[in-house]
Each structure stands twice: as C-alpha cells, then as structure tokens.
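Construct the complete structure from the given sequences, taking the supplied hints into account.
2 protein chains.
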Amino acid sequence: MDPRVHFITLSTPDLDAARRFYAGGLGWEPLLDVAEEILFFQVAPGLVLGLFDAVKFAEDLGRAGSAPSGAEGLTLAHNVGSDEAVRDVVGAMAAAGGTVLTAPRPGAFGGVFHAHVADPNGVVWEVAHNPGWGVDDDGTVHLG
Amino acid sequence: MDPRVHFITLSTPDLDAARRFYAGGLGWEPLLDVAEEILFFQVAPGLVLGLFDAVKFAEDLGRAGSAPSGAEGLTLAHNVGSDEAVRDVVGAMAAAGGTVLTAPRPGAFGGVFHAHVADPNGVVWEVAHNPGWGVDDDGTVHLG
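Line by line, the protein sequences are chains A and B. Numbering-wise (the working numbering), the first sequence opens with residue 1 and increments by one. Numbering-wise (the working numbering), the second sequence opens with residue 1001 and increments by one.
Don't take every hint at face value.
Pulled from the structure, derived: some chain B residues nowhere near chain A, Cβ distances all over 10 Å [to be verified]: (1) Arg1020; (2) Glu1029; (3) Ala1035; (4) Phe1041; (5) Ser1082; (6) Arg1087; (7) Gly1111; (8) Gly1139.
Below, computed lysine to any residue pairings styled on SDA-like, alpha-carbon distance capped at 20 Å [unchecked claim]: (9) B:Lys1056 x A:Ala103; (10) B:Lys1056 x A:Lys56; (11) A:Lys56 x B:Ala1103; (12) B:Lys1056 x B:Ile1038.
Quick partial rundown of chain B residues pointing at chain A, CB under 10 Å, derived from the structure [said to hold, decoys possible]: (13) Phe1007; (14) Pro1045; (15) Leu1061.
Since the hints were made in silico from the structure, they are not lab data. Source: prediction; values computed, not measured. Heads up, the beta-carbon is just placed ideally off N, CA and C, and yes, glycines get one too.
Below you can see the structure in the form of structure tokens.
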C-alpha cells in the first residue's frame, strides 16, 4: 500500500457553521458544496478536505443511529513563514468565528512558534511557523 | 488564510501498534520516528501524517490530565485505480493487522467502489476506486 492520503473527511455536526467559517469568513473557494451533505476544499496537491454532515458520516461507516459527533483527537496544521504570519492567521480565524485555544507562543521544541484555534465544530487547527520545516519544489517535505 | 493543510496529527494511544502496522506491516518509510513520542509519514506533496502519542497530544493542546483517547469522527481516504486494487489494498491492510469495518462494495453514489478499514488505534481508512475523481499533473483535484 502506497503511503498516500487523498481525502481527509471530518464528521461535521453543523455544516452551515462550517460553511460560514471556511467559505464566508476565510474566503476559501469550495471544490464542491452540496447543501446539507458535504463541503469539499482542496488543501494540498492531490488532497481534499471534506466536511461531511455528521449523520451521513455515521451512516457511511455503517454506524447509523449513533449520536452524531464531531471530529476529535486530531489537529490540522497550517504552516506559515513567520511568527507575525502566525498572529495574522490566528486573528483572521478568530474574526471568522474560530475559538483561540492556545495563543501564539513558542512551542516546547524545535524552535516552533504556534497557536491552536478551534473551528465552529471544534476541529482544532495548529497555526505554526517552524523554521526546521520545508517543502521542495516536488513536494518532498523536510523536518528539521 | 490560504486553504492549505501541511500536517494531519492524530492522537495515538498505542504508538508501537501504529508503527507495527504502517512501517512493519505496510512497509511505509517514516520521515521521522521518535520512540514513545511521534511517527511521521509523508502522505501527499507537502503533507505529513503525524501519529502522536495520545498523552503528549493532550498536553500539547493544553489538556494535560484528560484521558488519552484516539482520533474519532474522521476518515482518511486512499484512492486507487480499480475495484480489484481496492480488494488488494484491503487485503494488505487486514494482513498488517487492520480491521475491516465494511467490505469492498459499491458506494451509495457516484459509481464509487470502496471499503472501510480501521488501523490498530481505530483510525478509519476508506479505500476507494472513484472513476469521477482525478488529479492533474499540477495536483489540481477534480471531483466527478
């Protein structure tokens, strides 16, 4: 099995709130937007983030009838080029309706400067400036 | 804020089981492997999947002391080029220690053929052949 992820799909209890946050607040252009079902954004080359209605998400996994809940125990990281850009992105996410969980600050290791912000469904984003991280033109990632 | 994800980090209660499954069973080459802490794999151009010890994951979010739990309410999709390749990948994941949740079968819409398999920490992978999905050379995704 090739080490490749093509879609990240998140169980989303409030799809309208997600739409207001990502499309309305942050200005992201959906790849596809199906009302009351799913909202897709391209978030890396060949990679799509899907925000999927929580009831339909459970049905799709053969777990119909379970209480609809959100995505937990994960973070999505968005890397930027400077500490100042971390503050700017966190400000934009807060203005769009995000909740700042940890304010911009130096991380525990590696010289990273970061913050954590929850979207309206509780999906946690890490916004980070990591001087040891880099991506080549062909997409190869380096970790310092 | 640019619509970009650079890291997917999953709270991982049993990091050794994750290492046996992905590195040992599936043969994935780690980008970085820090015992009892974190295991990184590159899973798309510019994108890293991090399997992070659940206790340290909670600490990092300022939630130290909360019961360590896994990642829930999400799926990671791995797309392949044929129905037969879906069966092959599901077989490889099961042989590596994965649990088949839904056997390979036609999906509810769009001509997709797919299955769901849980890794040893309960992370759900969707393995899919979707004739309507495609990726251009520059990484642009098309949804049919």
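Taking the hints in turn, this is what the structure says about them:
For Arg1020 of chain B, the requirement that its beta carbon stay farther than 10 Å from each beta carbon of chain A is met, with the minimum near 14 Å. Listed as a non-interface residue, Glu1029 of chain B fails to keep its Cβ farther than 10 Å from every Cβ of chain A; the least gap is roughly 8 Å. No beta-carbon of chain A comes within 10 Å of the beta-carbon of Ala1035 of chain B; the shortest separation is about 15 Å. Under the 10 Å C-beta cut-off, the non-interface status given to Phe1041 of chain B relative to chain A is violated; the minimum distance is some 5 Å.
Listed as outside the interface, Ser1082 of chain B is consistent with that label: its C-beta sits roughly 14 Å from the nearest C-beta of chain A, beyond the 10 Å cut-off. Taking the minimum C-beta to C-beta distance to chain A, about 12 Å, the non-interface status of Arg1087 of chain B holds against the 10 Å cut. Every beta carbon of chain A lies more than 10 Å from that of Gly1111 of chain B, the smallest distance being close to 15 Å; the non-interface claim holds. The Cβ of Gly1139 of chain B does not lie farther than 10 Å from every Cβ of chain A; its closest approach is about 2 Å, which violates its non-interface assignment.
Of the pairs offered as hints, the one joining Lys1056 of chain B and Ala103 of chain A holds, with about 18 Å between alpha carbons and a cut-off of 20 Å not exceeded. Between the alpha carbons of Lys1056 of chain B and Lys56 of chain A the distance comes to roughly 32 Å, so the proposed pair goes past 20 Å and is violated. Pair hint Lys56 of chain A plus Ala1103 of chain B holds up; C-alpha atoms about 18 Å apart against a cutoff of 20 Å. A distance of roughly 9 Å separates the Cα atoms of Lys1056 of chain B and Ile1038 of chain B; the hinted pair therefore holds under the 20 Å criterion.
Annotation: interface hint on Phe1007 of chain B holds; nearest CB of chain A at approximately 4 Å, less than 10 Å. Contact between Pro1045 of chain B and chain A, as hinted, is supported at the beta carbon level, the nearest pair being about 2 Å apart and thus within 10 Å. Proximity of Leu1061 of chain B to chain A holds as hinted, the smallest CB-CB distance being about 6 Å (cut-off 10 Å).
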